[in-house]
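Chains R and E, in that order, give the protein sequences.
According to this note's numbering, the stretch in the first sequence is residues 16 to 230, in order.
According to this note's numbering, the stretch in the second sequence is residues 16 to 230, in order.
Derived by calculation from the structure, the hints in this document are not laboratory data.
Do not take every clue at face value.
In this list, chains with the same sequence are indistinguishable; a pair is considered to hold if it fits within one copy or across any two.
[Said to hold, decoys possible] Quick list of in silico lysine to aspartate or glutamate cross-link-like pairs, EDC-like style, CA-CA up to 16 angstroms:
(1) LYS160 to GLU99
(2) LYS67 to ASP224
(3) LYS109 to GLU59
(4) LYS160 to GLU188
(5) LYS136 to GLU76
(6) LYS94 to ASP186
(7) LYS94 to ASP224
(8) LYS122 to GLU99
(9) LYS67 to GLU154
(10) LYS73 to ASP201
(11) LYS74 to GLU86
(12) LYS94 to ASP201
(13) LYS147 to GLU62
(14) LYS225 to ASP177
(15) LYS109 to ASP42
(16) LYS75 to ASP186
(17) LYS75 to ASP19
(18) LYS225 to GLU188
(19) LYS122 to ASP169
Chain by chain, the residues run as shown.
Protein chains: 2
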Amino acid sequence: MNSDNVAVITRMVIEALDKKEAFKEQDFYVPVGVSARHVHLTQEHLEKLFGKGYQLTKKKELMGGQYAANEVVTIVGLKLRAIENVRILGPVRKGSQVEVSKTDAVKLGVPAPIRESGDTKGSAPIALVGPKGVVYLNEGCIIAKRHIHMAPADAMAAGVTDNQEVSVVADNERGTTFNHVQVRVDESFTLEMHIDTDEANAASIRTGDKLRIVK
Amino acid sequence: MNSDNVAVITRMVIEALDKKEAFKEQDFYVPVGVSARHVHLTQEHLEKLFGKGYQLTKKKELMGGQYAANEVVTIVGLKLRAIENVRILGPVRKGSQVEVSKTDAVKLGVPAPIRESGDTKGSAPIALVGPKGVVYLNEGCIIAKRHIHMAPADAMAAGVTDNQEVSVVADNERGTTFNHVQVRVDESFTLEMHIDTDEANAASIRTGDKLRIVK
Chain R
16 MNSDNVAVIT
26 RMVIEALDKK
36 EAFKEQDFYV
46 PVGVSARHVH
56 LTQEHLEKLF
66 GKGYQLTKKK
76 ELMGGQYAAN
86 EVVTIVGLKL
96 RAIENVRILG
106 PVRKGSQVEV
116 SKTDAVKLGV
126 PAPIRESGDT
136 KGSAPIALVG
146 PKGVVYLNEG
156 CIIAKRHIHM
166 APADAMAAGV
176 TDNQEVSVVA
186 DNERGTTFNH
196 VQVRVDESFT
206 LEMHIDTDEA
216 NAASIRTGDK
226 LRIVK
Chain E
16 MNSDNVAVIT
26 RMVIEALDKK
36 EAFKEQDFYV
46 PVGVSARHVH
56 LTQEHLEKLF
66 GKGYQLTKKK
76 ELMGGQYAAN
86 EVVTIVGLKL
96 RAIENVRILG
106 PVRKGSQVEV
116 SKTDAVKLGV
126 PAPIRESGDT
136 KGSAPIALVG
146 PKGVVYLNEG
156 CIIAKRHIHM
166 APADAMAAGV
176 TDNQEVSVVA
186 DNERGTTFNH
196 VQVRVDESFT
206 LEMHIDTDEA
216 NAASIRTGDK
226 LRIVK
């Protein structure tokens with residue numbers, strides 16, 4: 016190889032290394048929000064469980080205008096096993112939905128599929144018990160599919176687009192990489208990755224920990 | 016660049032691609048064994064819990080000469096919260112030890128560290144209750160660190176050595192990569208990766224599923 020070619024290849028290698036270094040400096044981190052099991056209700060179902068004309072009361076503000084309500088219900092699965100004190104998230108929605116972890120699903124004996132919020136068609140049946148009545152959902156019990164909420168500016172900084180799947184690394188003692196993590200971009204979203212309690216416990220992650228996006 | 020150099024570089028690229036392809040064909044898969052919470056006891060502690068001269072009775076054979084015993088205990092954490100029916104694994108050992116998931120540790124209120132089996136120094140305190148008595152362990156409650164057991168022939172086939180850390184990928188719906196997985200090589204070991212119920216549930220894995228080693 017003549018010295019010109021050596022020079023060209025040397026420069027290419029140096030540029031490649033620089034680029035890698037630059038990319039490393041641009042690592043994008045996402046804070047985690049761990050979601051415990053919870054319930055979303057329609058106004059109709061809320062009234063069946065808590066009485067006619069009942070309104071949810073706010074316990075704690077959450078992201079995107081949602082809140083944890085003071086109200087809780089007991090959920091009961093196909094094998095008549097129950098989990099008590101399951102928090103309701105407000106405000107009321109167009110469809111009722113119960114989000115549990117896989118551990119909960121095993122305990123309840125319900126075949127809950129991994130789904131995006133709102134995608135409850137054909138999901139598992141579950142019963143809800145409140146102080147004034149009961150509701151039986153023929154479908155509505157899901158395990159939430161993990162995802163990242165971000166505003167368009169965050170998406171640009173991270174170099175990702177709406178609906179893209181990324182991997183996310185927890186560089187901690189256990190060391191876990193979550194693959195197939197869906198990015199959801201919307202003006203109203205605060206940057207946060209949502210995982211359930213199984214995922215948090217298995218990976219030694221708490222709300223507020225920051226995970227690194229890899230593509 | 017002259018044509019000789021082009022030929023040399025072309026050959027190098029082809030060789031590199033061949034090597035990558037060959038590596039891909041040699042992907043090494045490991046079957047998973049999911050460990051539920053369990054207890055190992057000394058003969059002394061067994062007798063305190065079940066009575067003088069008591070011997071464990073075998074319910075089911077496990078790997079490496081171990082077995083699930085018919086006997087179970089209740090474990091109680093610092094906040095006096097209990098988990099019932101925790102299986103004892105036999106035979107008796109030189110040190111008593113309680114292995115729980117992070118979810119269990121949170122429920123029990125014990126600060127159990129992630130440790131290899133047997134490494135209980137400074138780990139969490141826990142109480143054990145049996146039909147004939149109780150044992151209080153000042154230390155001994157751990158969350159088991161995930162690992163892979165393999166015989167030397169498996170290690171050679173996988174291209175790994177004893178104590179090496181690897182990553183292991185579950186290529187399923189959730190899609191999870193476990194990093195920092197320790198390889199343990201011994202003639203007596205049957206090829207198996209041991210994870211706890213949190214890890215299995217978070218990653219949608221069952222006993223017998225096969226995961227891919229990446230280095």
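Against the structure, the hints come out as follows:
1. LYS160 to GLU99: neither (23 angstroms within a copy, 31 angstroms between copies)
2. LYS67 to ASP224: neither (42 angstroms within a copy, 49 angstroms between copies)
3. LYS109 to GLU59: within (10 angstroms within a copy, 60 angstroms between copies)
4. LYS160 to GLU188: between (24 angstroms within a copy, 10 angstroms between copies)
5. LYS136 to GLU76: neither (29 angstroms within a copy, 42 angstroms between copies)
6. LYS94 to ASP186: neither (39 angstroms within a copy, 31 angstroms between copies)
7. LYS94 to ASP224: Neither, since 36 angstroms and 26 angstroms both go past 16 angstroms.
8. LYS122 to GLU99: both (12 angstroms within a copy, 14 angstroms between copies)
9. LYS67 to GLU154: neither (24 angstroms within a copy, 54 angstroms between copies)
10. LYS73 to ASP201: So LYS73 and ASP201 fail the 16 angstroms test inside a copy (25 angstroms) and across (57 angstroms) alike.
11. LYS74 to GLU86: within (9 angstroms within a copy, 44 angstroms between copies)
12. LYS94 to ASP201: neither (40 angstroms within a copy, 43 angstroms between copies)
13. LYS147 to GLU62: within (8 angstroms within a copy, 51 angstroms between copies)
14. LYS225 to ASP177: The answer is neither: 20 angstroms in one copy and 32 angstroms across copies each exceed 16 angstroms.
15. LYS109 to ASP42: Neither: 38 angstroms inside a copy, 47 angstroms across copies.
16. LYS75 to ASP186: neither (30 angstroms within a copy, 38 angstroms between copies)
17. LYS75 to ASP19: For LYS75 and ASP19, neither the intra-copy (67 angstroms) nor the inter-copy (71 angstroms) Cα distance is at most 16 angstroms.
18. LYS225 to GLU188: Answer is within: at 14 angstroms inside a copy they meet the 16 angstroms cutoff, but 24 angstroms across does not.
19. LYS122 to ASP169: Neither: 38 angstroms inside a copy, 36 angstroms across copies.
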